[in-house]
Structures are given as C-alpha cells and as structure tokens.
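Undergrad: Listed below, chain by chain, are the residues.
Number of protein chains: 2
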Amino acid sequence: MFFTLKTSEEVFKILQEFEPLGEETLPLDVSFGRILSEDILSPENLPGFSRSSMDGYAVRAKDTFGATESLPALFEVTGEVVMGQVPNLAVGSGQAIKISTGGMLPKDADGVVMVEYCSTLDDHSIEVSRAISPQENVIQHDDDFKKGSSVLEQGNMLRPQDLGVLAGLGLSRVAVYKKPKVAIISTGDEVVPVDKRPAPGQVRDINSYTLAAFCLRAGTEPIMMGLCVDDFEKLKGRIEDGLRDADTVWISGGSSVGTRDLTLKVFESFKDMELLVHGISISPGKPTIIARAGSCAIFGLPGHAASAMVVAEVFLAPFLSHLQGQKDFPKKSYFEIEAKLGRNIESASGREDYFRVKLKKMGSEWIAEPIFGKSGLISTLVEADGLLRVERNREGLYQDQNVKVMVFDSLERGFF
Amino acid sequence: MFFTLKTSEEVFKILQEFEPLGEETLPLDVSFGRILSEDILSPENLPGFSRSSMDGYAVRAKDTFGATESLPALFEVTGEVVMGQVPNLAVGSGQAIKISTGGMLPKDADGVVMVEYCSTLDDHSIEVSRAISPQENVIQHDDDFKKGSSVLEQGNMLRPQDLGVLAGLGLSRVAVYKKPKVAIISTGDEVVPVDKRPAPGQVRDINSYTLAAFCLRAGTEPIMMGLCVDDFEKLKGRIEDGLRDADTVWISGGSSVGTRDLTLKVFESFKDMELLVHGISISPGKPTIIARAGSCAIFGLPGHAASAMVVAEVFLAPFLSHLQGQKDFPKKSYFEIEAKLGRNIESASGREDYFRVKLKKMGSEWIAEPIFGKSGLISTLVEADGLLRVERNREGLYQDQNVKVMVFDSLERGFF
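Protein sequence lines correspond, in order, to chains A and B.
My numbering applies: residue 9 is where the first sequence begins, and numbers increase by one.
My numbering applies: residue 9 is where the second sequence begins, and numbers increase by one.
Hints in this document: simulated from the structure, not taken from any laboratory.
Don't take each hint at face value.
Since the list gives no way to pick one copy over another, a pair counts as held whenever it fits inside one copy or between any two copies.
What the hints assert, rightly or not - Heads up, simulated DSSO-like pairs for lysine-lysine below, C-alpha to C-alpha not over 30 Å straight-line:
hint	residue 1	residue 2
1	K412	K348
2	K369	K115
3	K70	K368
4	K369	K348
The whole structure should be built from the sequences, with the hints applied where relevant.
TA: Listed below in structure tokens is the structure:
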C-alpha cells in the first residue's frame, strides 16, 4: 500500500490543532506539576503589614544616626513584640522594642537594628553600635506583592515555590488544566502478558509498560487497557472503550504489517474518525498512524518498543504538554544538551533520523556515542541516554561535530 | 546563644551516615521513578528464538548471492509465518516463506529479504533483486540479552524503557528501595492556615505547601501534619507523631528566634535524640538544626520560605535521594547548567552564599541574573529559576564570569 508520508513539522502542526483539555479547580496540595489555566493576580497586599526581616530592636532610625562602636547610642527598652500580634506600644524617641524576624513593626518605628549590633546594659536599656537607615530591615506592607499585581501566568507549571506563594496569598484552590487520561492498548497475536511464559514465536508485552511510565513521567494518567488480539471487532471494541474513558488513545501495533493494516481498517470503520497521518518520514517510527475522533487523538504506534519510544519522545511528549495547556508547542517539551558526536554517522536524505546515543563526560564536555546494532533490539533502549536528531536534508554528521541530544530524563541519571 | 556552625561538606557527611530505607517488591506498573535495590540479570535468552526484524521473505541467504535488479533470483513461495506461532514449514533450496517483522524464522532459513526488494510474480513465486548476507535482518535468540547477562544495576532509577525491558524479560515484580515518608510540621504563633484570613501581624502557612510539593518532586510521600503553635508539649507531641508515621521529620520554624529555641529544647528533651547540626555556615539557611532519633533524621528548618527552600534544594533533595538508595551522594541530585553571570555579586568570605537567579537566553548562552531585593521577600522565589552557589572562600563573583546554576526544575520552564 502506498501513502504520503508526513514530515515531523506537518505532524506537529496537525497535533497543535487539538484543543487543550478543560480546566478544573484543585486544592493546592494536589496541584504540584499542574499547569495554570488562568493568570494569577495578587488579591491583597502582602505581607499586609510592616514586618521585621531580622531579630533585633525596632527603633526610630534617626535615633541611631551617628552611632558607632566607640560612640554607641543608648536606648530605653520598653517592651517586646509578640509574634502574630499587633504591638500594644508605640516607639518613642530614644526607645526600642525587642522584635523577632517576622514580627509586626510597632507604631512610630521605622527600622530595626540587628541584635548583633545591640549590647544589653540591663533589663531596660541597650547600646546600639551602628546606625540604620529608615526602613532598614523592614518589609513594608506591599513589598512582596501589591494588590492586583501579577503573581503567576497562565501556562506556568506549578513548582513548589509557586504553590507556597499561592498559599501565602490565601489562594487555597487554583484553576489548572485537566490531566490527560491516556488509554494504552497493546496489540499483536504474538504478544503475551508479562506474567505468561511465551511459547516459541511469542514475546511479552513491553509497550504497555513503557508507554504507561512515559505517561506518568509526563504528568498524565495512563489507563492500561491490556492486550488485544489481531481481530477487527475486538480491537474496535477496545478502541471504543478507550474513547469513552480517556482523552487520547494509543494503540501500539504488534510488529507485523498485518496488525498495522488491521489497525488502519478499524480506524476507517468509525464514522466520525478522520485519518490525519498515515506514516511519518522519520526513522524509526515511520508506520505511525494518527486519527481524530471528535476531540480525541488516536495514535497507531509502531509495535517495536524502540520505535514506539522514539515516536513517544518526539511527538507524544509535546502533545501531552499541549493537552495540558503548556505554551510554545512543541519546543518546551524537550530537554536538550550540547555534546560532541563520538563518531561519524550516516543518515538517509529525505527522512529525519533519530539515533539512540549514550552520553559520556570527557573533561567538561559531553560526548554522544551513537548506539549501533540490529534495529530490532530492545537492549539498546536501556543503554541509551537520549536521542540525536539528524535533519531531513542531512546525509550524516561528522565525528566531533557539535550536536544537541534530546535527553530521556536527566536528573535520574545525574548528568549534571 | 553561641554554637559552632557546620560547613555544607560536614553536613553532607553527617547526612550520608543515615542508612537508605529498606526494600520492597512492587509490580512494574507502580515502579516508575523508583530506584532498584538489586542488580538485574537476564533470567533467559531474549528474544528466545530467531526473529525477523523486517517485513519480507525468509530464505537461505546463499540462494540470493549474485541477485541484482537486472538479474533477479527466482524463489518459490511455499507459505507464510503466522505471528506468534512456530512455522510449520522449513525453507528448502530456492524457497521463500513470507514473514512479518517479529515473526519466527522458519527452520533452515538464515536471512530475510526485505519486501522492498521482492517482486511478486504470481501466488507462488517472487523475484529477489538484492543479495543478503547470512543473518541479515534476523535477530538471533540471544541478541538482545543472553541469559545471566547484566540488564540493570542497583541504584538505577527506573525509566519507562527500563520497565519495558523488565516486562520483556518477564520480571513482573521488581525490588526497589522504599519511598520515604516525610512528616512536615509548620510552627510559629504568627502562622495561620491558608484558608484563614490573617489578622495584622499574622501570615499564612507557606512552608507546608512548598515542602510538600518539594517532596512530591523528589518522588517521596509528604505527610502534611499542619500547624503547631509555639508550645513545648504540643510541638513534642507533634514530633512524636511524625517519628511514628514517617521516615524523616521536617519542622519549619516560625521566623522568630523564640520558635527556633523552642524547637531545639524539644529536640533535646527526647531521650534518644542526638543533636548533629546546630547551624550551617550558609546563607540563607544558617539557623538549620539536624538531629537523629533512631534511624530517623529530624530537621529544624528556617521559618522563612526562601531560606527553607534553599536548605531543601541544597541538603534535603540529595538526602531524599540517598534514603531512596541513589548512589553518588550528593552529586546526582543537582541539575546544573552553565551560564554567564549578569552582574558582579559580593559574598561574605567564610560562608557559602546561595543567590537566587533568573536565567535568560542570549544567543546560545544563558545569562544568570541575580535577583536582589530585601531578604525576607517570598516573591523572589517565584521569579527565580535557580540558585547560584558562591563558595566559602570567595568574596564574590564578577560579571561575565562562567558559573553553574542549580536549576529548580528545568523541563517545566522549557529551558532547552
């Protein structure tokens, strides 16, 4: 069967046409890693009152002017600020009130002398050995956020500190994009479940596990729908289940051309299904099928685990980010580092090639070593640290050339 | 009160003395991101039988020798390999059997001709226009993994592809280190819950949310134990609860010196508690307390959110990795990128300074812009992309100097 392969740019354009999922409002403690669906403006001034940023004594700054170690200024200590309470005293001329970091500045005080520059003479008096400026060591009532000012923007992924700031502002619930649910179906008559001993000619289901973990890494929810034999009605039923329960359906074909053709036939049998992509000019990953059913994207992925993984890294990672409202599709989904290529590689012109590479540190540089070997081996996946893209119009890359490597997941392997 | 500050190297050494948590055995579908507690050797040969890595025809390679487009070799097609089954035919001289990718190689065949180089003449014969070598397009029975060979090593964090390979080998359960449970207690009389309107002098609880999300990011389980007022018995009871339910207890003090002293007194009141660290020579983060109770580490963190966050990034991230069996403590816990410093910064000699920085791309370079402003502001946390460490013996860094920035979390902000 002949069909027109799409370029990866065309595929990105097609995927971008899908709408991000709807919003939901969540409590802060379950919002980590989710993407904001609205801009956040500060609902109030923060901290809302003048606070000390140091442990020390609240004073009138001008009373310290001229104070030095050899000529300290004397202060009468008239009380202490109780944490969390409005001080019941004002600070008069020549007076000091003891205050802790975070304490509320007493009336008529305009600065805090750090405790390090104060010597206690007796219970009611201190000497100050350094002058302070007005507002020194003080956070004013709107220093952190002014009411109405921008705090976070739509499309931001919520980090620990972002959640902390939302908590500080009293925003105990936050509007985020929904988390995509991904139905994962593994097909192929030769594929058996992981806990079954394969007979000769059979292999265990790899893709369900690879793709489910891939979804977790992307902050989405995999629904492992299990194995499906190469049977039209059964596969159709399984896809219908997926469309009902999930936001996108991923079918990884068995490796055979028969399975791929069957997947295509099932796709075409749906009334509202629109075939968008039938083959992509990349290697590995060429026999990828993409269709639309309503608002749902359905992917027919290559059966071979390494090919499915490449398609997932290149297209599905940005697609899942896009469904979650991430901006700048597909750029922000990749994590690339610069490396020197370890040896020459050849690439067929007219298609985009993805080489699995291992990264090694040599001095301060990263060396990307292409992993060669038979194309059907799954062991190469475990060896690899990332993918090296060779553009469509290139016939190869030279040893020592600077390249960018799409790293699978950096922190885990401690690259840096 | 005077005490001897520890350097960060000393603190790392102390933290490394804590034992990683025990192991547990988990099904693959809940093992993503967990760290292997044992080496994995292949329990069998994989794939276990000779398979085709292409769609095409299984033949005896020598029958194709000399075949070209102008002088193709003729083959009799005697059957087809059914996926997942042992072929019931052997390949005779001049014979070909149709085979799909992943199909089992028939007896007496030693290579596969890709379908692209075969022309169908009729139902029972093809012409082959290219010679193949023996074993071409064939994966042999132990090409992927030989029985007993190394698959993954103890201390590896399980990535999607690692789980796939384990599934392929039939290892449906895997031994990993336990996930640390972290009890988080927020103290300070001035702190109110996020859903309560603070009176003047009060602030909302930020640290519970920042630290809980931080634990999630590190793949651990936070237990938010809520607020605790500055009361000896109440704080002691809360810490006892934490010690019972969690593997490590984190108390973030209110900002005041009173709260810190109270935390210390409570620590000292436990019979089996050993005070390990009372102050670290870093800024921010100096007033950090670390104690040991049995196998459990207890941290008294600074009350200020930005300081607590720095201590978490610098010490608690590697500590949580260490508890989970990650090797090479603490190196692998940081994710650093190289940048040029945007302006001069001064640092006090004798302490390690951590500056919050914003990263900006200029051409192909990253510029690290220090975020200045009053030290008590939480808004700086939201602005910052990472931390810049200035070593103890440095008095500052110059503009345009090359520096390494510890990035908070890279993927989310799409740095690359």
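Undergrad: For K369 and K115, with the copy left unspecified, which applies at a CA distance of at most 30 Å: within, between, both, or neither?
TA: neither (60 Å within a copy, 46 Å between copies)
Undergrad: Under a CA distance limit of 30 Å, which applies to K369 and K348: within one copy, between copies, both, or neither?
TA: both (10 Å within a copy, 21 Å between copies)
Undergrad: Have a look at K412 and K348 and pick one of within, between, both or neither, based on CA distance no larger than 30 Å.
TA: both (8 Å within a copy, 20 Å between copies)
Undergrad: Check K70 against K368 for me: Cα-Cα at most 30 Å, and say if that holds within a copy, between copies, both or neither.
TA: Answer is neither; intra-copy 61 Å and inter-copy 41 Å both fail.
The structure shown violates the earlier hints numbered 2 and 3.
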